Amino acid sequence: MPRILCIEDDETTAREIISEFTALGFEVEWAADGREGLVKAVSEPYAAITLDRMLPSVDGLTIVSVVRQAGIDTPILMVSALSDVDERVKGLRAGGDDYLTKPFQTEELSARLEVLLRRQRRAAARETVLAAGDLEIDLITRDVRRGGRELKLLPTEFKLLELLLRNSGQVLTRSMIFESVWGYRFDPGTNLIDVHMGRLRRKVDPPGAEPLIHTVRGSGYALRAVR
Amino acid sequence: MRSAPSDRAASLRLWRTTPFRLTAIYGVVFAAGIGALLGLIYLSAAGYLTRQMDEIVLGEARAMSAGRAETLPGRIVEAEAVDRRKVNYYGLFSADGVWITGNVRDMPPKLPADGRPRELVGRRFQPGARGLATQLPWGEVLVVGYDAKVLSELRHIIVESLLVSGGVILVLGLGLGAAMSLGPLQRLRDVQRASEPILDGDLSARLPVSPRGDEIDILAHISNTRLAEVERLLGEVQNVGNNVAHDLRTPLNRLRALLYRAGQGIDEGDPRRAMLEQALKEADALLSRFRAIQRIAEIDRRGRRAGFAEVDLAALLQDVAELYEPLAEDAGQTLTVALRPAPRIQADGALLFEALSNLVANAIKFTPTGGRVWLRLATMPGGPRIEVVDSGPGVPEAERDAVLQRFYRMGRDERVEGSGLGLSMVAAVIRLHEFRLSLDDAHPGLRVAIDAWPQTRSAHAAPESGPAAARARPWILGLFAAPDAVS
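Respectively, the protein sequence lines represent chains A and B. Start counting at 1 in the first sequence, then tack on 13, and there's your number in our numbering. Start counting at 1 in the second sequence, then tack on 3, and there's your number in our numbering.
Just so you know, these hints were derived from the structure itself, not from any lab. Please note: incorrect hints may appear among the correct ones.
DSSO-like cross-link-like pairs, simulated, lysine-lysine; straight-line CA separation at most 30 Å [stated by the list, open to error]: (1) A:K165 to A:K115; (2) B:K89 to B:K152; (3) A:K115 to A:K53; (4) A:K172 to B:K152; (5) B:K284 to A:K115; (6) A:K216 to B:K152; (7) B:K113 to B:K89; (8) A:K172 to A:K115; (9) A:K103 to A:K165.
Just so it is clear, the structure is predicted and the values come from calculations on it, not from any experiment.
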């Protein structure tokens, strides 16, 4: 069973993280203290680490840098009450893979962590063609085909589809989609992403075809191909 | 609307200061007192001199008439000869008024020959000259007069001293008043300068207090005490606001998680699932509202130039338009972009994007189906201007200020959702950049313009007659004003 290390001094948050990941089938180890967390992070193998930015004894940024300097590339999801852009940039620069602001929605947390895990597994392969079911996109020629039929996509739609395909089978929350495709981190309103997704959907999933893009109620979207 | 600095400065003129007014009043009263004193002296002196002259004239007339009639002309000539000051008048007339001798050649008017001294009127006499006419026992009429040379001199002296002393008092008084006002005036200017940031929303600024402890210091001290209290309260309120937003988010998130899990366990099509999904939507709306409150606080807290870099507005606007074009299309509207080449500006691109997104989202939200939304970039003499224009119902002029400053919902469609903090967020971004935000009538619809160049204090505080302008103001004030408008 893959193990996740949760370095978090706030017990309530820690419990939330633990219960969420346990439900998803992970084994979660909890370190309530920076020093303890750092020791665990560098001495034992984990599938992923969630790391609080502000911790007693050793602070989160230090832990990330030390872990990275030790050559460990375990995905690290930083969780922090500090929501400033600067703080986020600092966290990512130090070596964090993603940054989530407290308080967070548990689906957001798991969706992000799963994407990190997936990215980790895939890092080696540099694909130029992404496919799911009978949908295929060429990242170089930017051709999109479904069942042999060519689809004309606008640049934004292409980016959106690429994101979905890269993380196919996984739930992407609206804020993750907005961040990855448009590169901004704010709340553009649920409707906006839905409208863009609706447009893409009309092109990718024409009536009669097996739908590939699925709405995950309450959290976001996922691209799933039925095999 | 707060008064512009020019107004504030205009009220601070030298002649309006208390010391100046007091000195001026003292000067006038003092000058009037001196005038009264000199006038009294003159009147008393004149009365005394008149009585003296009357005595002289009476004595002279008695002496002349006491002698013999035939020697009289000779005595008159003699008396005139010894009168070196030329103050004595004599005139001898026959009973039928023909001049016989003396330096008075014509019978002075209004002088009955009754032997009583009267004022002499006539061109050759100085004002105040006294004289009498008397009928001599032998029928001739003798006129004896005494000129008012002394009196004239006295009057002259008094008028002169009045003029000189009055002038000196006036000049000294004005000078002293000005000198005495300069100190307080300078201090008032200091106070004024110190209060500008306070008026602009910086409640941590304080008025200067000198060790003198005079009335200005007392007032400044009172103001400072109040300011400290306001700052403390506002800080408290702001903290409460932020903490409430933060603290409520955590349990709200848990509530949302529970709703979500509960919903997952229920079959699609079950009415309970629909209810749970509705509850989830409400929870999301609440969460987004709290996020927005925290976001605005964050922007307001942020260091001035933290995320500033060169920004290509045309590209930014193009991106915003691309992001919102499908939404407009979905709402049956046309989103048009009109871009003029504009110079790059120093700005926080991400925040500007967020602010513009809010504006465009608002425009789309409030414009009915079939309407139009424009996103424009124009070049003004000061720099680039961004405009978001819609063909919606617009905002009545009276409410434009309120919409910007207090997030007020207006009589707009109640079904339209929104956290009500969108414009407040825009205002916070504009404040951070020192740009200017104004709302305007687009005939029909609303025109929101952002003058994307740093506004100098006087320019951005200039009195607004037409468009409502955003002003620097702690965001928290807006939260407690009125129900929300737009998200």
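Tell me the numbers of any earlier hints that the structure contravenes, in ascending order. 1, 4, 6, 9
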